[in-house]
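If you want the building blocks of each chain, they are given just below.
Number of protein chains: 4
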Amino acid sequence: MTDKRVNKVVLAYSGGLDTSIILKWLQTTYGCEVVTFTADLGQGEELEPARKKAELLGIKPQNIFIEDLREEFVRDYVFPMFRANAVYEGVYLLGTSIARPLIAKRQIEIAEMTGADAVCHGATGKGNDQVRFELGYYALKPDVTVIAPWREWDLRSREQLIAFAEQHQIPIAKDKRGEAPFSVDANLLHTSSEGKVLEDPAQEVPDYVFSRTLSPEEAPDTPTVITIGFERGDAVSIDGEALSPAGLLTKLNDLGRDNGIGRLDLVENRFVGMKSRGMYETPGGTILGVAHRAIESITLDRGAAHLKDELAPRYAELIYNGFWFSPEREMLQALVDKSQETVTGTVRLKLYKGGVHVIGRESPYSLYDQDLVTFEEGAVAYDHRDAAGFIKLNALRLRTLAQRKKKLGM
Amino acid sequence: MTDKRVNKVVLAYSGGLDTSIILKWLQTTYGCEVVTFTADLGQGEELEPARKKAELLGIKPQNIFIEDLREEFVRDYVFPMFRANAVYEGVYLLGTSIARPLIAKRQIEIAEMTGADAVCHGATGKGNDQVRFELGYYALKPDVTVIAPWREWDLRSREQLIAFAEQHQIPIAKDKRGEAPFSVDANLLHTSSEGKVLEDPAQEVPDYVFSRTLSPEEAPDTPTVITIGFERGDAVSIDGEALSPAGLLTKLNDLGRDNGIGRLDLVENRFVGMKSRGMYETPGGTILGVAHRAIESITLDRGAAHLKDELAPRYAELIYNGFWFSPEREMLQALVDKSQETVTGTVRLKLYKGGVHVIGRESPYSLYDQDLVTFEEGAVAYDHRDAAGFIKLNALRLRTLAQRKKKLGM
Amino acid sequence: MTDKRVNKVVLAYSGGLDTSIILKWLQTTYGCEVVTFTADLGQGEELEPARKKAELLGIKPQNIFIEDLREEFVRDYVFPMFRANAVYEGVYLLGTSIARPLIAKRQIEIAEMTGADAVCHGATGKGNDQVRFELGYYALKPDVTVIAPWREWDLRSREQLIAFAEQHQIPIAKDKRGEAPFSVDANLLHTSSEGKVLEDPAQEVPDYVFSRTLSPEEAPDTPTVITIGFERGDAVSIDGEALSPAGLLTKLNDLGRDNGIGRLDLVENRFVGMKSRGMYETPGGTILGVAHRAIESITLDRGAAHLKDELAPRYAELIYNGFWFSPEREMLQALVDKSQETVTGTVRLKLYKGGVHVIGRESPYSLYDQDLVTFEEGAVAYDHRDAAGFIKLNALRLRTLAQRKKKLGM
Amino acid sequence: MTDKRVNKVVLAYSGGLDTSIILKWLQTTYGCEVVTFTADLGQGEELEPARKKAELLGIKPQNIFIEDLREEFVRDYVFPMFRANAVYEGVYLLGTSIARPLIAKRQIEIAEMTGADAVCHGATGKGNDQVRFELGYYALKPDVTVIAPWREWDLRSREQLIAFAEQHQIPIAKDKRGEAPFSVDANLLHTSSEGKVLEDPAQEVPDYVFSRTLSPEEAPDTPTVITIGFERGDAVSIDGEALSPAGLLTKLNDLGRDNGIGRLDLVENRFVGMKSRGMYETPGGTILGVAHRAIESITLDRGAAHLKDELAPRYAELIYNGFWFSPEREMLQALVDKSQETVTGTVRLKLYKGGVHVIGRESPYSLYDQDLVTFEEGAVAYDHRDAAGFIKLNALRLRTLAQRKKKLGM
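Residue numbers (the UniProt record's numbering), protein chains in the order written: chain A, 1 to 410; chain B, 1 to 410; chain C, 1 to 410; chain D, 1 to 410.
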């Protein structure tokens with residue numbers, strides 16, 4: 001454990017067994033006042049039971065914080081990330097990574113409000129989430145004390161945890177006594193499952209793992225066609241209906257779930273140095289990502305689009321590694337946001353059994369000008385003869401290289 | 001037209017009406033000897049009719065070159081590109097782009113063999129292909145004369161082309177008299193369709209455009225599961241059966257076609273400066289791309305994988321723009337190939353109605369070590385307490401920034 | 001020549017012989033009204049003679065524009081570029097490149113004011129400047145007609161130019177009759193010399209070429225020490241004296257000249273495809289560049305600094321190639337400027353015989369905290385033991401790779 | 001201290017007081033056999049005294065390894081790095097960083113030879129060197145035990161160290177009793193000085209700090225002109241005399257020292273998260289870096305050169321951070337080395353009072369072709385009219401953007 005004295009700690013509290021054990025462990029180990037913070041990021045669980053449980057464990061009412069952060073989550077974290085087309089290792093839409101900075105930020109804000117000197121999270125010592133939480137904490141409150149129970153305590157097995165819970169009168173649901181067959185994280189953007197039965201990357205993920213999407217096979221036999229409206233890079237409507245950020249993502253999640261969209265079986269590289277196999281379900285986000293690229297395809301200039309493409313892996317890595325609150329992420333965001341000023345219009349998509357297919361896009365800012373691409377003559381801006389000079393000068397250095405080869409018999 | 005004297009020209013000749021017109025136009029305009037080069041890159045057309053047609057148009061037998069380049073195409077162009085996970089503008093697998101350098105290279109080799117001083121292609125003056133052909137020509141034979149009829153002649157309409165053909169006794173198939181509703185390019189990797197009826201990016205592509213894939217809706221209701229074997233970054237077998245590069249891609253194309261895989265409706269940015277809408281079908285390549293990333297996911301180290309990811313857009317842009325035979329493409333290839341030494345193993349995939357889903361991967365070179373990721377204690381290489389120091393030092397600069405903010409009231 | 005009808009053209013007019021010939025050529029060839037635009041960008045020539053000469057050549061007074069753009073040049077072009085630490089090919093400070101966009105912008109603005117439909121510049125057909133001018137023109141007025149006499153006319157030699165001048169009563173200074181031994185471009189940031197006698201890169205540049213700096217050997221034997229003040233990335237004072245952008249650069253130029261600073265003998269790669277050898281003198285800019293990096297070294301976070309470093313070559317290439325008015329340059333500028341908010345403070349420099357040596361830097365925003373770096377214990381934010389964990393987790397993937405090697409006998 | 005049992009440890013042993021204390025501390029703390037490894041990397045100290053001292057401290061003769069690694073150091077570490085033009089944070093030539101991997105590699109090799117299970121270095125717990133050593137160790141021998149005394153022991157002050165030494169009969173030179181005013185590291189490439197009296201970045205470095213170079217002011221009043229010969233990217237001769245890698249760098253060091261070249265006063269960002277101020281002297285390396293860029297300037301194609309420039313900061317960061325033995329460094333090296341095949345020729349330099357000025361370069365592989373750059377007509381590969389088309393197509397997307405602005409009144 002950390003050797004610092006702690007007076008008051010803000011705990012990221014889900015209301016579940018594990019964070020309840022942490023709550024009690026904080027009280028008994030640090031003898032400190034505990035403030036619980038429970039956030040609705042769209043994980044699909046009711047929050048009020050968390051209040052009851054916290055009270056039961058002796059938390060004062062004024063120390064219980066329960067907040068619905070869904071709109072802030074989508075508006076200020078998910079959407080900026082999608083503007084960048086951020087994808088980690090070619091495929092992962094960063095659903096877990098992007099939720100951590102917001103939780104960290106609110107914990108620190110609550111610490112400031114309540115005069116707490118410490119914060120605590122329930123992430124394990126082998127994963128990325130500990131890094132994401134703690135980089136967030138430190139970036140926002142450099143002198144905060146961070147408590148990471150899973151790295152500190154000597155509860156080494158499920159049995160010991162259960163024993164600790166029993167000893168401290170923490171209620172234990174029946175199905176929580178044994179080991180979970182895998183661990184789950186969820187928010188409005190995605191659900192991830194990993195560990196235990198999922199660890200062998202050679203083995204197909206068993207069907208009961210999925211909680212958020214129908215399988216493509218179960219999805220309807222007829223496609224669903226939708227139109228997503230964008231303004232300045234952000235989705236703002238579905239089929240003409242204006243929606244709030246969280247409302248829109250919720251709707252896309254429903255559409256994605258029904259059409260078997262967004263499952264991903266991945267072996268990824270963790271920031272802490274090992275590989276891990278994850279199973280992700282990102283139904284709405286998968287649709288959103290395809291749609292955003294499509295609206296960009298007609299509204300972004302090539303120079304802007306290619307620069308974004310080259311920097312997107314870097315941006316994604318920063319978020320994956322937990323550097324949301326870093327100058328370099330903010331610099332990249334400034335670059336990305338600068339490009340989105342005209343990313344406005346609509347994209348039509350066909351959703352079908354796991355697939356998201358673009359079938360049309362329109363924009364008042366479209367840079368696609370039919371006159372320029374028709375194969376007939378007539379367009380003023382493009383003269384076929386220009387192409388000859390363009391090619392000649394682009395070829396010049398290659399010709400020079402070839403002449404050198406010839407001259408030197410290389 | 002170019003103002004150079006031309007004695008002998010090697011024409012990239014498909015045997016179709018357009019290149020037959022070009023052939024005749026070369027003879028009449030330049031008064032030069034024409035060598036025809038017809039390559040099988042897997043476009044799915046018989047080549048022998050091209051020989052007949054060339055003979056009919058007065059080409060001497062020794063000047064008719066017909067070659068099956070499918071193995072070379074896949075082995076030396078497609079596979080190296082897939083090692084790089086090259087994707088243009090986030091989605092396009094570069095099916096047309098990658099075929100041009102090989103055609104250019106063979107044209108130049110035939111020019112050297114036959115003593116020709118010029119080469120000629122049938123690409124239009126508004127597209128990328130003219131650039132790709134000509135950069136290839138110049139890079140390999142810097143003093144070659146390049147003839148690009150579509151930029152040179154004054155045949156301004158379909159009617160004029162047909163009139164020219166009739167005037168020179170070029171046989172015209174009935175269905176070639178009118179305008180084609182769109183233009184098509186095909187090879188073993190893909191089929192592209194663009195122009196005319198496809199030009200409005202707001203309009204869905206009509207179904208008759210697709211020639212290479214079933215639609216997802218028409219594909220079978222049961223998934224197909226396959227296993228692809230890789231060696232040093234290249235696919236070498238399907239379901240345990242060793243296959244040549246072209247054999248393998250052909251097989252993947254069949255699998256892809258049957259399962260509705262690889263259709264892409266795209267608005268892309270051409271090198272020559274305008275946007276264009278293309279409809280691509282890349283059935284086997286789509287499967288291959290997913291599989292290659294999956295085998296890399298367990299055999300490539302994070303540092304290698306992320307460096308590749310950051311450079312892939314650049315590599316893709318080089319190929320799209322026609323710079324295959326450039327020092328920078330070769331440098332990037334050296335970097336990529338260095339990483340592929342251990343990219344060996346098998347990937348299991350489920351193909352279903354347009355989707356390619358990874359369900360397992362195995363490798364003797366796997367870097368995925370289950371002992372390291374299990375959530376229990378015991379693994380020697382990873383100590384939970386290390387994470388604390390790791391995070392602390394990664395956070396140090398962020399804390400310093402935060403302290404500055406605090407100190408200065410920023 | 002361009003086949004478009006031209007009514008009125010805005011000519012970038014220096015008042016020298018060459019642009020006077022162009023002026024007359026425009027009148028005689030296009031029969032159009034000519035508007036002259038002469039800008040003071042600090043090239044060190046008086047502008048009023050240009051007015052006289054224009055009048056002499058028949059330009060109406062209201063069509064003669066003479067402007068002092070020095071402040072705008074430094075403030076809106078030079079300084080933003082230095083914020084990015086832009087250096088082309090490792091050494092060139094882009095002195096010529098950065099002046100072109102401003103000239104192009106003013107020409108277009110004058111064209112809009114005067115109702116001109118064309119613009120004209122005097123850059124040759126082999127250099128980069130034609131590209132920079134014309135990309136600027138087109139980016140700001142897409143329908144403008146561009147006249148580039150050196151690419152259009154048939155005046156093929158110095159003799160023909162002189163003959164044309166004589167024929168049209170253009171006054172010819174005696175020393176302009178013969179060929180110049182090399183060509184020169186100058187503005188407040190630099191003077192470049194290239195061509196003719198300078199073309200052989202194996203030959204040392206003869207001393208008479210330099211006009212802007214003493215040679216290091218001639219410079220004083222005692223160093224000059226100065227202090228430059230920065231605010232938000234821009235230099236604002238020298239030795240405590242606040243100066244306007246142009247005033248500051250002028251002062252730095254004097255200091256640089258006197259101390260033999262800023263000469264550069266370079267072989268560079270032109271955008272148009274060939275190599276060229278240039279001789280540059282950038283006295284003040286060389287000092288400014290060193291100073292800017294020094295103030296950044298204590299005020300910029302590592303993440304910000306390294307991201308800038310990785311993007312600086314790209315930014316420099318864009319400016320060199322003429323893409324100042326492009327979305328991607330503006331996006332990069334947004335990224336750079338975001339980082340400069342705290343780049344405020346002072347840098348002390350020793351100037352001595354060609355060298356610029358940083359000897360001190362201070363800032364209220366300094367991130368350099370002596371407590372953190374002393375080799376003794378005590379600093380709270382840094383615990384030696386953290387380093388062990390930091391290293392262990394950074395090493396984890398390398399150890400996994402090594403274990404694989406060992407296991408497989410690789 | 002590490003909780004592992006250690007039987008035999010290979011210590012990086014300089015023979016100085018600090019590593020002698022470490023030696024004894026290892027014996028007394030771990031009760032293990034100690035193997036000393038003392039390498040000549042050109043630090044300018046005799047090695048035989050280290051043997052005597054090791055024997056005196058009880059090391060068996062067969063456990064004393066003293067090696068001259070200068071040639072290997074320059075050939076296999078310094079030169080590959082200079083091929084990449086690696087510069088950290090715009091200015092630092094990585095003189096300390098590049099020596100660490102070689103020492104780590106030899107320690108591990110000696111560990112394998114002697115059956116040692118541990119290695120030990122004398123780097124402090126706050127610097128980069130601990131990271132560089134240990135990443136090297138782990139990358140080459142994943143199961144090695146690493147001992148870092150400065151992070152482990154409880155000797156907290158100079159007094160305690162001296163007391164420990166006295167207690168264990170370690171001879172103490174008089175000038176080592178007190179604190180050194182700053183710490184020094186040296187090898188054939190450079191000497192660094194940092195810490196203590198140098199820590200305030202606002203204060204000029206006092207003159208007695210420099211050990212490796214004359215000051216520019218003291219350097220001769222007449223320039224020295226030299227010619228460096230390169231083959232495939234590596235320097236091979238000076239003034240026509242072929243030299244071994246270490247011989248050549250030694251000679252350049254002499255030339256640099258005499259001419260006051262290579263001093264650098266820098267605030268840099270350490271990998272461990274803090275800023276530090278260092279004083280570097282890199283006399284020969286500074287000359288070599290300038291010369292290498294100059295020979296590249298005529299032998300490298302633009303595409304190759306710019307790709308290298310964009311990747312150089314990344315490559316430098318990897319070396320600075322200690323990732324020499326990583327896949328990504330090796331991949332970048334493959335890319336760099338691929339480009340160096342034709343980097344052969346000679347560069348003429350003028351060395352003068354701290355400055356390194358290129359005055360000429362020649363190569364049989366030169367891509368600089370005078371015919372192409374002269375301002376007169378005649379060169380076949382370059383037609384002025386091509387420039388018009390080149391510019392037009394490069395401008396096309398900018399014009400489209402401008403048209404959009406106009407149309408929408410943006």
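Be aware that one or more of the hints could be misleading.
In this list, chains with the same sequence are indistinguishable; a pair is considered to hold if it fits within one copy or across any two.
Derived DSS-like pairs (lysine-lysine); straight-line CA-CA distance at most 25 angstroms [stated by the list, open to error]:
hint : residue 1 : residue 2
1    : LYS174    : LYS350
2    : LYS52     : LYS4
3    : LYS176    : LYS24
4    : LYS406    : LYS4
5    : LYS176    : LYS406
6    : LYS8      : LYS405
7    : LYS251    : LYS8
8    : LYS60     : LYS8
9    : LYS251    : LYS174
10   : LYS52     : LYS407
11   : LYS350    : LYS52
12   : LYS176    : LYS4
13   : LYS174    : LYS24
14   : LYS4      : LYS407
15   : LYS406    : LYS251
16   : LYS338    : LYS405
17   : LYS407    : LYS8
18   : LYS52     : LYS196
Calculated from the structure, these hints are not laboratory results.
Small disclaimer: the values here were computed from a predicted structure and weren't measured.
Okay, which hints does this one fail, numbers in order?
Result: hints 1, 2, 5, 7, 9, 10, 11, 12, 15 and 18 break, sorted rising.
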